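So the chains spell out like this:
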Amino acid sequence: MKIGYFPGCTLKTKAIGLDDSVKDTARALGHELVEVPDWTCCGATFSLAADNVMALAAPVRILANARKAGDELVTVCAGCYNVLKRANFAVNADPEKLKKINDFLEMEYDGGLKVLHYLEFLRDHVGFDKISGLVKRDLSTIKVAPYYGCQMLRPHEELAFDDPEAPMMMDDLLEAIGCDVIDFPHKVECCGAFLTVCSNLEARKDPEGKAGGAVNECSYTILEAARRRGADLVVLTCPLCHYNLDSTQPAIEQQHFGFKQIPIVYFSQLLAVALGLDQEKYALDDKHHCVDPSGVLKAKVSA
Amino acid sequence: MSQTRVRISRKDVRGEFVKRVNEISGENVLTCYQCGRCSAGCPLTFAMKELPNQVIRLVQLGQEEEALASDTIWVCASCLACHARCPRGVDLAKVMEALRSIKLRPGTDDRLKLEELSKEMLAKLPQQALVSGLRKLVG
Numbered sequence: 001m002k003i004g005y006f007p008g009c010t011l012k013t014k015a016i017g018l019d020d021s022v023k024d025t026a027r028a029l030g031h032e033l034v035e036v037p038d039w040t041c042c043g044a045t046f047s048l049a050a051d052n053v054m055a056l057a058a059p060v061r062i063l064a065n066a067r068k069a070g071d072e073l074v075t076v077c078a079g080c081y082n083v084l085k086r087a088n089f090a091v092n093a094d095p096e097k098l099k100k101i102n103d104f105l106e107m108e109y110d111g112g113l114k115v116l117h118y119l120e121f122l123r124d125h126v127g128f129d130k131i132s133g134l135v136k137r138d139l140s141t142i143k144v145a146p147y148y149g150c151q152m153l154r155p156h157e158e159l160a161f162d163d164p165e166a167p168m169m170m171d172d173l174l175e176a177i178g179c180d181v182i183d184f185p186h187k188v189e190c191c192g193a194f195l196t197v198c199s200n201l202e203a204r205k206d207p208e209g210k211a212g213g214a215v216n217e218c219s220y221t222i223l224e225a226a227r228r229r230g231a232d233l234v235v236l237t238c239p240l241c242h243y244n245l246d247s248t249q250p251a252i253e254q255q256h257f258g259f260k261q262i263p264i265v266y267f268s269q270l271l272a273v274a275l276g277l278d279q280e281k282y283a284l285d286d287k288h289h290c291v292d293p294s295g296v297l298k299a300k301v302s303a
Numbered sequence: 001m002s003q004t005r006v007r008i009s010r011k012d013v014r015g016e017f018v019k020r021v022n023e024i025s026g027e028n029v030l031t032c033y034q035c036g037r038c039s040a041g042c043p044l045t046f047a048m049k050e051l052p053n054q055v056i057r058l059v060q061l062g063q064e065e066e067a068l069a070s071d072t073i074w075v076c077a078s079c080l081a082c083h084a085r086c087p088r089g090v091d092l093a094k095v096m097e098a099l100r101s102i103k104l105r106p107g108t109d110d111r112l113k114l115e116e117l118s119k120e121m122l123a124k125l126p127q128q129a130l131v132s133g134l135r136k137l138v139g
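These protein sequence lines are chains A and B, in that order.
When the letters of the first sequence are read in order and numbered with my numbering, they come out as residues 1 to 303.
When the letters of the second sequence are read in order and numbered with my numbering, they come out as residues 1 to 139.
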């Protein structure tokens, strides 16, 4: 089956391993993800100002182009999922807004597209049971901590992805592919998100240096909670969470005595490994990570 | 916060500032009854001088200058944990965005300038961080 796919800007650069592993695992499971024609950045963050209609133009243009090809659109970056699904919700809730944007874009979007996260696609169009039956490599000795973050969970009224306080969808998939999934109390806690751009401005903007160091502290809280439960890997879906949780670890190690580094990977990379795809292809190396995941995978994955 | 002396008048409490924040955010800040669940669950309070519910209180009381001067509006990462737990259904992240918008929209008070980001940072940051950071911090 062919289905529309929106990768988003980060997946073509920093998160190339996410893009490649999503497309290849879909193919291995019998589906082809076809990129939306002429796509642009979705805006990366959904504008929370009710009077900002302009910010809806980019995501609605993407939705309109995807609608021409079908009823559903798959995306995997948690940021893109949040923006596209909220924009879709906003124009469906307010026909006047939809008309205004359609007039501006000179397009005819009817609001009828369904935005799916790749996890939802795997659950509803493939089935976790079926995936479980196709597993080729044994991951049972890898302890994984699924981390959801904020963007794909909240606001629940609009996204309706999973329980906003106790999500299980990624846990279920990782269990289906044979990982040893651990629960930890910070799987829905924020990593600090875009505040990461302030991290080298802290001294001038904030005399106490707190806002700039916020991402390190948030990341430390999350990683330490996962480590205490014995996790070998933290698994996620968002390139921004990936950057924050991965790149801050050398600094965290300096700041917090006893902290031990823990590699961060995307769920789809683990899925690719489990399905027996060529592990070398999905950026599971020190070039794409501050904390190299290849050691854990080499030690714990058996053919 | 405990040392802040606030002079309240009816004009401030039912004034233009509350109306403007409500209009931009699409929320009604006066529905908040100050239970503090937002602040209890906020993952970033360690970096705040005023807690999220205290900023809401400043807005409720029409204290424009104090609310807009609070660093809390720039520390909020819009993670919506507060909104998920608010018993009154107030979306605090929208209120924070409205306060940031009031500061940013004149275009003279950008919180982040691209030229201040080092080349190293620009090479390292994912696009998603740059785009969302600029949208949140630049007018």
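These aren't lab readings, by the way, just hints derived from the structure by calculation.
Owing to the predicted nature of the structure, the values given are computational and were not obtained by experimental measurement.
Watch out, some of these pointers could steer you wrong.
Using 27 Å as the maximum straight-line C-alpha spacing, the simulated DSS-like pairs for lysine-lysine come out as follows [what the hints assert, rightly or not]: (1) K136(A) - K298(A); (2) K12(A) - K287(A); (3) K99(A) - K114(A); (4) K300(A) - K143(A); (5) K130(A) - K260(A); (6) K113(B) - K124(B); (7) K19(B) - K100(A); (8) K124(B) - K287(A); (9) K136(A) - K114(A); (10) K100(A) - K2(A); (11) K97(A) - K114(A); (12) K113(B) - K49(B); (13) K103(B) - K281(A); (14) K2(A) - K130(A); (15) K260(A) - K113(B); (16) K68(A) - K100(A); (17) K143(A) - K130(A); (18) K287(A) - K119(B); (19) K97(A) - K103(B); (20) K124(B) - K12(A); (21) K298(A) - K287(A); (22) K103(B) - K113(B); (23) K12(A) - K2(A); (24) K298(A) - K130(A); (25) K49(B) - K12(A); (26) K281(A) - K143(A); (27) K136(A) - K281(A); (28) K12(A) - K11(B); (29) K97(A) - K19(B); (30) K103(B) - K19(B).
Structure-based check of all given hints:
no., hint, verdict
1, K136(A) - K298(A), "holds (15 Å)"
2, K12(A) - K287(A), "holds (15 Å)"
3, K99(A) - K114(A), "holds (19 Å)"
4, K300(A) - K143(A), "holds (10 Å)"
5, K130(A) - K260(A), "violated (36 Å)"
6, K113(B) - K124(B), "holds (17 Å)"
7, K19(B) - K100(A), "holds (25 Å)"
8, K124(B) - K287(A), "holds (12 Å)"
9, K136(A) - K114(A), "violated (32 Å)"
10, K100(A) - K2(A), "violated (31 Å)"
11, K97(A) - K114(A), "holds (19 Å)"
12, K113(B) - K49(B), "holds (24 Å)"
13, K103(B) - K281(A), "violated (46 Å)"
14, K2(A) - K130(A), "holds (19 Å)"
15, K260(A) - K113(B), "violated (34 Å)"
16, K68(A) - K100(A), "holds (20 Å)"
17, K143(A) - K130(A), "holds (22 Å)"
18, K287(A) - K119(B), "holds (19 Å)"
19, K97(A) - K103(B), "holds (25 Å)"
20, K124(B) - K12(A), "holds (14 Å)"
21, K298(A) - K287(A), "holds (16 Å)"
22, K103(B) - K113(B), "holds (15 Å)"
23, K12(A) - K2(A), "holds (21 Å)"
24, K298(A) - K130(A), "holds (26 Å)"
25, K49(B) - K12(A), "violated (39 Å)"
26, K281(A) - K143(A), "holds (23 Å)"
27, K136(A) - K281(A), "holds (17 Å)"
28, K12(A) - K11(B), "violated (53 Å)"
29, K97(A) - K19(B), "holds (22 Å)"
30, K103(B) - K19(B), "holds (16 Å)"
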